[in-house]
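Use these hints to put chain B onto chain H, whose structure you have.
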Amino acid sequence: MGFSPEEILETINMINHLHFDIRTVTLGISLLDCGDADPKVTADNIYKKILSTGKKLVPTVKKMERLYGVPIINTRVAVTPISLLNRRFSPEGFLLIAETLDKAADELGIDFIGGFSALVQKGFTNSDRALFSVLPEALSSTNKVCASLNVASTKAGINMDAINLAAAAIKKAAALSARAAGIACAKLVVFANAPEDNPFMAGAFHGIGEAEATINIGISGPGVVRATIQRFPGLDLGALAEEIKKTVFKITRVGELIGRKVSTELELPFGIVDLSLAPTPAPGDSVANILEAMGLEKCGTHGTTAALAMLNDAVKKGGAMASSYVGGLSGAFIPVSEDAGMIEAVEAGALSLTKLEAMTAVCSVGLDMIAVPGDTPVETIAGIIADEMAIGVINNKTTAVRIIPVPGRGVGEKVSFGGLLGEAPIMAVNTYGSQEFVRRGGQIPAPIRALTN
Amino acid sequence: MERAVITVMGYDQVGIVAEVTKILAASNCNIVDITQTLMQGIFAMIILINLPVETDLTVLREKLLAAGERMGIQITIQHEDIYRYMHRI
Numbered sequence: 001m002g003f004s005p006e007e008i009l010e011t012i013n014m015i016n017h018l019h020f021d022i023r024t025v026t027l028g029i030s031l032l033d034c035g036d037a038d039p040k041v042t043a044d045n046i047y048k049k050i051l052s053t054g055k056k057l058v059p060t061v062k063k064m065e066r067l068y069g070v071p072i073i074n075t076r077v078a079v080t081p082i083s084l085l086n087r088r089f090s091p092e093g094f095l096l097i098a099e100t101l102d103k104a105a106d107e108l109g110i111d112f113i114g115g116f117s118a119l120v121q122k123g124f125t126n127s128d129r130a131l132f133s134v135l136p137e138a139l140s141s142t143n144k145v146c147a148s149l150n151v152a153s154t155k156a157g158i159n160m161d162a163i164n165l166a167a168a169a170i171k172k173a174a175a176l177s178a179r180a181a182g183i184a185c186a187k188l189v190v191f192a193n194a195p196e197d198n199p200f201m202a203g204a205f206h207g208i209g210e211a212e213a214t215i216n217i218g219i220s221g222p223g224v225v226r227a228t229i230q231r232f233p234g235l236d237l238g239a240l241a242e243e244i245k246k247t248v249f250k251i252t253r254v255g256e257l258i259g260r261k262v263s264t265e266l267e268l269p270f271g272i273v274d275l276s277l278a279p280t281p282a283p284g285d286s287v288a289n290i291l292e293a294m295g296l297e298k299c300g301t302h303g304t305t306a307a308l309a310m311l312n313d314a315v316k317k318g319g320a321m322a323s324s325y326v327g328g329l330s331g332a333f334i335p336v337s338e339d340a341g342m343i344e345a346v347e348a349g350a351l352s353l354t355k356l357e358a359m360t361a362v363c364s365v366g367l368d369m370i371a372v373p374g375d376t377p378v379e380t381i382a383g384i385i386a387d388e389m390a391i392g393v394i395n396n397k398t399t400a401v402r403i404i405p406v407p408g409r410g411v412g413e414k415v416s417f418g419g420l421l422g423e424a425p426i427m428a429v430n431t432y433g434s435q436e437f438v439r440r441g442g443q444i445p446a447p448i449r450a451l452t453n
Numbered sequence: 001m002e003r004a005v006i007t008v009m010g011y012d013q014v015g016i017v018a019e020v021t022k023i024l025a026a027s028n029c030n031i032v033d034i035t036q037t038l039m040q041g042i043f044a045m046i047i048l049i050n051l052p053v054e055t056d057l058t059v060l061r062e063k064l065l066a067a068g069e070r071m072g073i074q075i076t077i078q079h080e081d082i083y084r085y086m087h088r089i
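Top line first, the protein sequences correspond to chains H and B.
In case it helps, the numbering used here puts the first sequence at residues 1 to 453.
In case it helps, the numbering used here puts the second sequence at residues 1 to 89.
FYI, nobody ran anything at the bench for these hints, they're computed from the structure.
All values reported here derive from a predicted model rather than from experimental measurement.
Careful, some of the hints might be misleading.
[Claimed, not checked] Which chain H residues face chain B? A few, computed with CB under 10 Å, are given here:
#1 10
#2 15
#3 18
#4 67
#5 176
#6 245
#7 256
#8 317
#9 321
#10 325
All C-beta atoms, glycine included, are put in the ideal place defined by N, C-alpha and C.
Extracted from the complex, chain H is given alone in its bound form:
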């Protein structure tokens, strides 16, 4: 037969019982040829290009899902950062484009469209400012449009003015979507060192160094990794890392297979497999549970950062061999609301915002899906973002913040966002102010790349 019964049953078990799936097939589309002086013409060009490039995307993904019997949870499109399309759009022009992206996403039948974005790590163009000014409206008036802002990079430093504007946009987006617990903020990511080929939302955009169109794949499989660890109680950490690598190799191979088949079918180049372990709110499909399976009583206790560092590295090593091209964020995700184990750890008092921040120093991707009290000052949100950006800039890695100041809610309460976004306990923030620091604004200079202590 060529395969042993054990191998066959292992695969069946992964899919049927351990939530193994492909998290996303994301089609990246360049819109660099769509810009026109007139936003209406630009919007029209964008709509036509997305529809013509992506018309076969959803049917092809559904076909592959049926053919290979592996669930593919989301189908998405990422586009060129919109602020790059024209330097002279008014805010209304950008709002029109956001609506157009939403309409195109609906027409294609995809789950999300990302790229309502600006790259401002070293300063603003006029169009960046215009895009920033309509972010809250764009996010709260559309359903599927995701936005991202790259406000820092290792080569440029940290744009504190951009962080202040981003924090203000987050507060306003929360207020505008107050009836839905501030859900508009779940569609906005603030980045340091944003990758150009990331298939995961809300931070996906199609970088300017990318081809006309590419297929990128995001895998999932925390449940599978947890089950592997549970098979080896007491095994030393070096040997355990080896077992994790083997498992991740297997799940990444399926991502590679699906990516190759989708790209062949669509006649588009295959971009990358993103090796991130993406959790879902489903019981057992949790990164926190993986860390607990390693022997931590609760995620967030002492040892959590070390366990996560080992997991993240093993995932990359196993995955890198399984795929020809690896990219995107590639690291374990630790979103709070999307991970039942994380929620439990927060509610048990084991996991705090400060511990999460430490964890982001060793894994992808940052403070993700964090709900904080609605009355959190805008300067405190800016401070939280600045801290996270500093971790990314100094450690030469991607970090991000996706934070929701939930209007009218306080610490200890819980809000539900639905679907993959899950539900979030409101977490406490430090109540001492950051005002004078963040209000200084300006650019924190790029770090020196030697003397690395």
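For chain B alone, kept in the frame of chain H given last:
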């Protein structure tokens, strides 16, 4: 020719092999290899089949799943590529 792997698991009863192979024959699928065992009364069978071009895997899957439901057993069918990618370098 493309191939697929079928697994059948459940409480042993009369006619499991007959029911599954009848569906395969009707779909023009040749059995390449078959292994079957009883583990503490649980019937477990793995079948490797050739998939003719005209046979739609998803249609075949629906037929097999329906048969599995009728007999109260679990049947899965997966394209061979999944196993090749996962378990072979």
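Hints and how they fare:
no.: 1; hint: 10; in the structure: holds (8 Å)
no.: 2; hint: 15; in the structure: holds (8 Å)
no.: 3; hint: 18; in the structure: violated (13 Å)
no.: 4; hint: 67; in the structure: holds (6 Å)
no.: 5; hint: 176; in the structure: violated (43 Å)
no.: 6; hint: 245; in the structure: violated (13 Å)
no.: 7; hint: 256; in the structure: holds (7 Å)
no.: 8; hint: 317; in the structure: violated (15 Å)
no.: 9; hint: 321; in the structure: holds (8 Å)
no.: 10; hint: 325; in the structure: violated (15 Å)
Hint check: violations occur at hints 3, 5, 6, 8 and 10; the rest are consistent with the structure.
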